[in-house]
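Enquirer: Residue numbers (this note's numbering), protein chains in the order written: chain D, 1 to 354; chain X, 1 to 354.
Honestly, the hints are just simulated from the structure, not real lab data. A virtual CB, placed ideally from N, CA and C, is assigned to each residue, including glycine. Misleading hints may appear alongside valid ones.
[What the hints assert, rightly or not] Derived lysine-lysine pairs resembling DSS-like cross-links, with alpha carbons at most 27 Å apart:
| hint | chain 1 | residue 1 | chain 2 | residue 2 |
| --- | --- | --- | --- | --- |
| 1 | D | K322 | D | K25 |
| 2 | D | K99 | X | K102 |
| 3 | X | K48 | D | K48 |
[What the hints assert, rightly or not] Per the computed footprint, the stretches of chain D lying under chain X, defined by three or more beta-carbons under 8 Å from a beta-carbon of chain X, are:
| hint | segment |
| --- | --- |
| 4 | 189-200 |
| 5 | 222-233 |
Number of protein chains: 2
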Amino acid sequence: MSKYWSELIRWLAPYVPGEQPKDRKYVKLNTNENPYPPSPAVLEVIRKHTGQDLRLYPDPNGDILKTAISDYFQVGKDNVFVGNGSDEVLAFAFLAFFKQAKPLLYPDITYSFFPVYSNFFGIEAATVPLNSDFQIDLADYPTDNGGIIFPNPNAPTGRLLHLEPIEALLQRNNASVVLVDEAYIDFGGASCIPLINQYPNLLVTQTLSKSRSLAGLRIGYAIGPAELIEGLERAKNCFNSYTLDRLALVAGTAAMYDRDYFENTCRAIMATREWVVRELEQLDFEVVPSAANFIFIRHRNCQAEELFSELRQRGVLVRYFKLPRIDNYLRVTIGTDGEMQELIRQLQVILSVH
Amino acid sequence: MSKYWSELIRWLAPYVPGEQPKDRKYVKLNTNENPYPPSPAVLEVIRKHTGQDLRLYPDPNGDILKTAISDYFQVGKDNVFVGNGSDEVLAFAFLAFFKQAKPLLYPDITYSFFPVYSNFFGIEAATVPLNSDFQIDLADYPTDNGGIIFPNPNAPTGRLLHLEPIEALLQRNNASVVLVDEAYIDFGGASCIPLINQYPNLLVTQTLSKSRSLAGLRIGYAIGPAELIEGLERAKNCFNSYTLDRLALVAGTAAMYDRDYFENTCRAIMATREWVVRELEQLDFEVVPSAANFIFIRHRNCQAEELFSELRQRGVLVRYFKLPRIDNYLRVTIGTDGEMQELIRQLQVILSVH
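Make a model of the complete structure from these sequences and hints.
Expert: Following this line, the structure appears as structure tokens:
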């Protein structure tokens with residue numbers, strides 16, 4: 001604590017990302033990265049643009065990437081906002097839409113950056129409990145709110161909501177923004193994006209970090225009605241004119257246009273998820289139904305924290321959250337078949353001596 | 001205006017960066033980019049890291065880049081903060097240090113992002129006029145403040161402050177943070193960085209966008225006492241865990257280590273500046289003394305706004321700010337010798353028919 005710190009930062013609890021270890025080589029299943037490399041077209045376009053133009057500022061509007069995203073989703077370019085990872089996009093959305101007199105609502109178990117943003121920006125927030133199956137029940141959300149945000153599929157549970165309950169929420173909740181964070185939607189869910197033309201308060205965020213294998217380049221976006229996009233642009237232009245660098249812009253563009261590669265890698269991850277779930281169930285794990293590139297699991301006999309440590313010692317990193325309701329669960333990213341076989345093998349050893 | 005916008009963003013006047021035109025090829029002297037390409041070592045390291053690891057998140061702490069910067073300046077690694085351009089670093093500093101009961105002070109003519117941040121973050125601010133020679137007179141700054149920020153050299157004037165008045169300010173102003181934005185310090189000024197060990201309230205920001213030819217990659221940093229750096233980390237970790245992508249981290253690192261290339265390009269730009277100033281004076285321009293990679297000029301007879309338009313039509317882009325006290329000045333980036341010859345040639349034509 002320093003006497004020079006503003007009141008604002010004195011009492012913060014910053015977000016803690018999953019570790020990026022450097023001490024040894026791990027089977028890294030802790031931060032929901034894609035086990036497959038980016039599309040070859042992405043690597044090619046980065047190499048092509050690695051030249052003297054890096055001395056020039058990027059396009060502050062990120063036009064080429066907005067065009068690629070609007071082409072992909074068949075929406076207008078003024079329906080697209082791009083940012084330095086979807087975390088930055090979410091931060092701008094909190095400032096632009098959720099700083100209201102009424103409280104923002106989100107699930108009690110969800111992406112742990114939501115309470116961090118709320119504290120940081122002085123936004124009053126209230127949580128709505130997931131049901132006992134870790135499902136979001138949108139019928140539980142009162143309309144007397146300053147905004148609603150939830151991931152779909154939810155994190156860290158992986159559970160998916162179908163479009164019907166989301167549309168029912170939008171029909172009754174039209175006085176505040178509903179933000180659906182679809183970071184993991186490409187692994188088995190249906191996106192809300194087709195609904196943006198009907199609901200002026202619907203904003204959807206997605207990221208290239210997961211399904212497009214580009215966590216290393218920090219590219220996220222929001223899709224929504226033009227007025228909401230304009231709100232995000234206003235916030236961004238009061239913070240940083242050029243949030244996406246030249247290489248990220250061309251790389252993201254190439255990734256959006258390589259639809260085949262994207263679909264193939266998503267399919268591969270979903271196929272791996274299916275057999276891993278069966279294997280884990282045979283090892284006496286309960287697996288929350290997942291539509292994400294991770295699964296949320298609990299063993300019937302063995303404590304999650306202990307499993308986490310044992311796996312770590314054996315070179316397998318997963319994520320453990322010491323939080324109410326979920327402190328006996330592990331979140332496990334879906335890696336390659338080989339990585340998941342290694343996970344299963346190590347779990348078999350750990351559980352056999354337990 | 002949308003009913004879904006928060007009060008905060010309704011009344012903002014966002015920052016407007018210099019244009020990045022796409023309509024035709026310009027001699028681009030409007031955004032203080034470096035006319036020389038990045039170091040060959042930078043391009044090489046980017047190509048080397050353009051591979052499958054882009055699927056993985058970057059190091060959230062940016063360790064390699066912090067090490068390179070701390071090596072360069074011979075400061076501790078805990079004296080270094082890195083961000084997505086110095087604009088982002090400044091934004092975090094406003095939140096971490098300047099959100100105070102007393103007003104933040106900055107010059108009346110300065111980097112126009114300062115009032116934007118102040119409005120955006122609800123920070124009370126007051127301006128202190130430059131003297132009639134466009135000099136910052138730090139003796140004019142009262143100590144009853146919530147922080148002091150100024151660029152050195154100042155923008156858009158290019159005027160440099162020497163270390164003595166800055167140190168005199170630090171000696172009498174110890175209750176609030178003094179932030180010196182040294183975006184342009186490498187073109188002829190002396191940095192305050194050696195003072196950070198003596199003054200616990202001194203923070204210095206710099207950028208790789210100008211003197212290291214990397215505007216396209218968005219890399220900035222702050223150097224200061226460890227407690228102030230920790231304040232910035234707290235703010236950043238409530239906003240975005242990974243602000244610098246993998247390629248920016250390795251590129252910035254290589255740029256910091258290639259000291260010869262950096263010194264040579266800075267020297268070349270300063271040499272160009274000297275002869276351009278003489279040429280402009282012969283064309284009846286007044287040139288504010290500059291220690292930056294740009295000059296701030298006024299013609300004795302011809303209006304700046306008119307010159308700006310005429311130059312633009314003739315393919316030369318400079319910057320014009322329609323603001324009190326400086327609305328008859330042009331800010332002109334120092335380009336290559338060839339680009340500056342073209343500027344002079346076009347000015348000769350414009351002025352001859354005027």
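Enquirer: Now tell me if each hint is right for this structure.
Expert: Here is how each hint holds up against the structure:
no.: 1; hint: D:K322 - D:K25; result: 25 Å, holds
no.: 2; hint: D:K99 - X:K102; result: 24 Å, holds
no.: 3; hint: X:K48 - D:K48; result: 13 Å, holds
no.: 4; hint: 189-200; result: violated (count 1)
no.: 5; hint: 222-233; result: holds (count 5)
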